[in-house]
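If you want the building blocks of each chain, they are given just below.
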Amino acid sequence: MKHTRILVVEDEFMIASQLKTNLIKGGHIVCGIASRGEDAIDMARKEVPDAILMDIRIRGSQDGMAAAKVIRTFLDVPIIFTSGYADHEMRDQALALQPSAYLLKPISIAQIEELLEGDFAAK
Amino acid sequence: MCAYTYMVVTAGKSGLRRAALIVVSLLFFLVTLEAQPENRKWHILVLDSYHEGFAWSVAQFEGIKGALTAELPENSLDISVFHLDDRRFHTKLALTEAYFAQLAGDQHLDLIFTTDNSAYSFMRESPWRLGRRIPLVFAGVNDYISDGKEGEFLMTGIAENFLSGRSDTLKAALALLPGTKRVVFTLDGTPTSMAIQKEFEAIGDQFPRLSFDFRTIDDIEGQLALVSRLGKGDIYVPIGTHLDASGTLLTYEEAMERLSAACPVPSFGFIENRISHGIVGGKILTGHDHGTSAGKLGLAILRGAPPGSLPPLMDNPGKLLFDHRQLARFSLPESALPNGAEILFKPADPLAEIWGYLLAYTVALVVLTVIVILLVVGRRRLRVATERLARSEATLESYFENSPEAIFVADDAGRYLRVNRGASLLTGYSPRDLLRLSVAELLAPASVDEGRAHFSRVFSEGKAYGELQFRRQDGSIFWMSVHAVRLGRDENFAICQDITRRIEGEEGVKRSLIEKVTLLRELYHRTKNNMSVIIAMLELQALEQGDERLINAFKEAENRIRSMALVHQKLYDAADLSHINLKDYIRDLIELLSKSYNVSSTEVAFDTELDEVEVLIDSAIPCGLILNELISNALIFAFPEGRKGRISVSLRRDKDGSIEFFVADDGIGVPIGFDFRRDGHLGLQTIFGLGEGQLEGSVDFHSGAGLACRITFKDDQYRPRV
Chain A
1 MKHTRILVVE DEFMIASQLK TNLIKGGHIV CGIASRGEDA IDMARKEVPD AILMDIRIRG
61 SQDGMAAAKV IRTFLDVPII FTSGYADHEM RDQALALQPS AYLLKPISIA QIEELLEGDF
121 AAK
Chain B
124 MCAYTYMVVT AGKSGLRRAA LIVVSLLFFL VTLEAQPENR KWHILVLDSY HEGFAWSVAQ
184 FEGIKGALTA ELPENSLDIS VFHLDDRRFH TKLALTEAYF AQLAGDQHLD LIFTTDNSAY
244 SFMRESPWRL GRRIPLVFAG VNDYISDGKE GEFLMTGIAE NFLSGRSDTL KAALALLPGT
304 KRVVFTLDGT PTSMAIQKEF EAIGDQFPRL SFDFRTIDDI EGQLALVSRL GKGDIYVPIG
364 THLDASGTLL TYEEAMERLS AACPVPSFGF IENRISHGIV GGKILTGHDH GTSAGKLGLA
424 ILRGAPPGSL PPLMDNPGKL LFDHRQLARF SLPESALPNG AEILFKPADP LAEIWGYLLA
484 YTVALVVLTV IVILLVVGRR RLRVATERLA RSEATLESYF ENSPEAIFVA DDAGRYLRVN
544 RGASLLTGYS PRDLLRLSVA ELLAPASVDE GRAHFSRVFS EGKAYGELQF RRQDGSIFWM
604 SVHAVRLGRD ENFAICQDIT RRIEGEEGVK RSLIEKVTLL RELYHRTKNN MSVIIAMLEL
664 QALEQGDERL INAFKEAENR IRSMALVHQK LYDAADLSHI NLKDYIRDLI ELLSKSYNVS
724 STEVAFDTEL DEVEVLIDSA IPCGLILNEL ISNALIFAFP EGRKGRISVS LRRDKDGSIE
784 FFVADDGIGV PIGFDFRRDG HLGLQTIFGL GEGQLEGSVD FHSGAGLACR ITFKDDQYRP
844 RV
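Chains as they are written, first to last, in this note's numbering: chain A, 1 to 123; chain B, 124 to 845.
If you're looking for bench data, these hints aren't it; they were derived computationally from the structure. If you're wondering where the values come from, they're calculated on a predicted model, not measured in any experiment. Warning: the hint list may mix true and false statements.
[Said to hold, decoys possible] Derived DSSO-like pairs: lysine-lysine, alpha-carbon spacing no greater than 27 angstroms straight-line:
| no. | chain 1 | residue 1 | chain 2 | residue 2 |
| --- | --- | --- | --- | --- |
| 1 | B | K718 | B | K678 |
| 2 | B | K718 | A | K25 |
| 3 | B | K718 | A | K20 |
| 4 | A | K105 | B | K706 |
| 5 | B | K321 | B | K272 |
| 6 | A | K20 | B | K321 |
| 7 | A | K25 | B | K706 |
| 8 | B | K419 | B | K442 |
| 9 | A | K20 | A | K69 |
| 10 | B | K778 | B | K706 |
| 11 | B | K294 | B | K304 |
| 12 | B | K678 | B | K767 |
| 13 | B | K294 | B | K272 |
| 14 | B | K294 | B | K419 |
| 15 | A | K25 | A | K46 |
| 16 | B | K355 | A | K105 |
| 17 | B | K706 | B | K718 |
| 18 | B | K294 | B | K164 |
| 19 | A | K20 | A | K105 |
| 20 | B | K718 | A | K105 |
| 21 | B | K639 | A | K105 |
| 22 | B | K164 | B | K469 |
| 23 | B | K639 | B | K678 |
| 24 | B | K442 | B | K321 |
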């Protein structure tokens with residue numbers, strides 16, 4: 001599934017850049033990079049991406065999970081949570097929102113490709 | 124009731140005879156009255172040879188009576204006494220058989236006693252007695268020789284054959300007076316008197332140096348005249364009675380005293396009436412002993428024994444008795460007395476008596492002194508002990524009251540019974556107010572349940588320690604440690620300390636610890652994130668260069684960083700934040716590297732055999748890097764050109780604590796002659812450097828069908844820091 005328009009929500013610039021580079025290299029379109037929850041909501045509303053890579057812990061008044069909740073209200077696209085934390089509490093909170101996937105950093109582009117070409121393509 | 128009647132019969136004196144007849148009649152009348160008893164009654168006659176009041180006779184009678192009443196009830200005995208008065212009237216003995224038969228009539232008698240010779244002589248062959256078959260017991264018959272006809276004459280008794288007594292007396296006299304040559308006797312002509320003379324004549328052979336001079340003189344004046352003429356070498360032995368000028372019989376006692384006073388030489392005797400009244404002493408017979416022996420024989424007859432079956436007692440032992448006053452009068456040495464002799468009238472040693480009193484007084488004085496001393500000492504000790512006790516009580520009270528700890532004493536319902544000043548200061552309540560409260564009322568609501576459980580433990584286990592919250596009078600809450608002990612029923616003792624500061628401090632420490640743990644975890648997370656950023660930078664840099672070799676070099680660097688980042692990931696997850704589980708780590712590393720090199724399990728399969736091994740962060744980083752190199756090498760070089768294969772990874776901890784990695788592949792191996800240390804690239808150098816240099820272990824490569832490497836090290840280079 002090429003040319004997927006992906007919104008990357010990541011407050012770590014270098015990580016966001018790496019993701020963007022690899023996604024573009026993989027033939028996808030990064031329609032925006034947001035580093036705050038509220039920015040992510042705005043971009044999702046404006047860009048209407050095909051999928052969102054959403055870091056859970058980001059700056060701003062709303063974290064990734066809060067932003068995802070809001071985005072869900074107006075946009076029904078796959079949201080892939082990413083997190084550097086392996087603790088169960090956070091993972092359980094995130095999974096309670098029934099994301100399309102929950103990936104633990106470091107994320108390889110292959111994992112994203114697998115999701116985009118596998119599960120999400122069928123939708 | 125027993126009727127005793129003493130009757131005097133004097134032959135030739137008609138007035139007396141009539142009087143006697145009247146008395147005897149009265150006696151038999153009384154006996155008749157008494158002869159209708161409900162129980163068995165024994166009618167007994169004592170026929171005495173002498174006269175009423177004669178001490179010897181009285182003693183014998185008392186002996187007879189004593190022996191009978193010792194075994195028979197006194198009210199079953201009817202004893203009458205008949206005196207022949209032989210001493211005074213022996214020359215005119217008038218009691219004939221016919222006269223006696225007339226006196227006695229047909230009266231029933233069960234037993235007759237006779238005392239001394241005259242009565243025995245009269246009664247032995249009395250047709251009146253034998254006709255009625257009345258048994259006879261005689262007492263004190265001198266010169267008695269058994270003819271074996273006792274059974275025929277229905278009699279038995281005790282003889283006064285005092286042969287041994289006579290000789291013992293003479294032996295004692297000779298011991299006291301070795302110069303004695305003649306023994307002068309006075310006799311009265313009675314059968315008794317004559318019998319005694321015979322006895323002395325019989326033993327005369329035993330005393331060859333002595334001559335016996337028997338004089339029959341019964342008047343006292345004649346006897347006095349005789350004894351006053353006695354001289355050196357003589358001793359006097361009075362036998363028989365003493366009559367005054369009017370023919371009146373003197374008592375032995377009176378006569379003996381007069382004779383002794385008149386006699387210049389020592390007198391000796393045999394009967395008790397004379398001892399104590401002038402004789403020096405001798406083997407003494409007592410009338411009471413005679414009577415007792417006769418009474419016992421009579422008792423046996425009353426109980427059914429035939430008189431003939433009771434052989435007469437032929438001798439009487441008597442007692443060796445001496446009068447100290449007479450010994451002293453004649454300067455006779457006590458030391459010469461025979462063994463067993465008793466000395467009468469020996470005065471007590473006055474000095475000994477004084478000494479005795481003195482000793483008694485001294486002992487009493489000492490005892491009293493000791494008692495007084497003990498009382499004084501005891502009282503002083505008591506006073507000291509009381510004072511000490513009082514001081515001790517005051518001290519303990521002071522300890523209780525001034526203890527910096529709060530002390531509470533409560534009953535089983537939790538009501539306070541006693542509290543100290545510390546308790547008052549701690550709670551803010553006055554002691555009086557505290558004594559109106561209970562434990563439950565003082566507990567803070569948050570500690571009520573725990574407080575109840577604590578109190579229950581005190582009951583069940585005898586003591587308990589707890590840390591509970593209480594409420595002061597002003598409502599503020601504070602913590603107390605409570606060391607409680609059960610003293611007894613309804614008494615529980617607790618020492619309490621304010622631990623509010625400590626509890627707050629501990630809570631601060633706990634909070635601080637949680638904060639530190641959170642920070643450390645965050646630090647691990649940040650470190651890992653930073654490594655992710657570094658990886659991203661390297662990757663971006665590599666992509667920008669576009670050089671395949673450079674990209675691969677960057678990738679290797681990335682993977683090295685990832686393997687380190689994975690350690691931090693695991694530390695972040697670790698419960699103690701200092702150890703990681705190598706087994707989990709290796710699994711995650713294999714997955715990570717497989718993704719990195721885009722190798723699927725269908726191309727290269729992993730076989731893992733991993734023990735549960737935990738290592739500190741210091742060992743974990745080099746372990747991770749070594750494993751990264753070994754697995755990466757296998758993935759990059761072992762299976763070129765799409766070749767399929769297997770990589771085995773095992774992890775083991777030996778019993779000695781050493782840890783072993785083993786990574787092997789079935790790939791193409793290395794060229795022949797390849798020197799791992801010399802020819803190896805950076806990855807191999809890293810393995811040697813870390814394995815041998817940093818972990819101080821061994822690195823062993825083996826190439827055959829594929830390549831295998833074994834790393835062994837001990838995880839003892841580092842110590843936990845917390």
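Of all the hints numbered above, which does this structure not satisfy? Sort the numbers upward. 6, 7, 13, 14, 16, 18, 22 and 23
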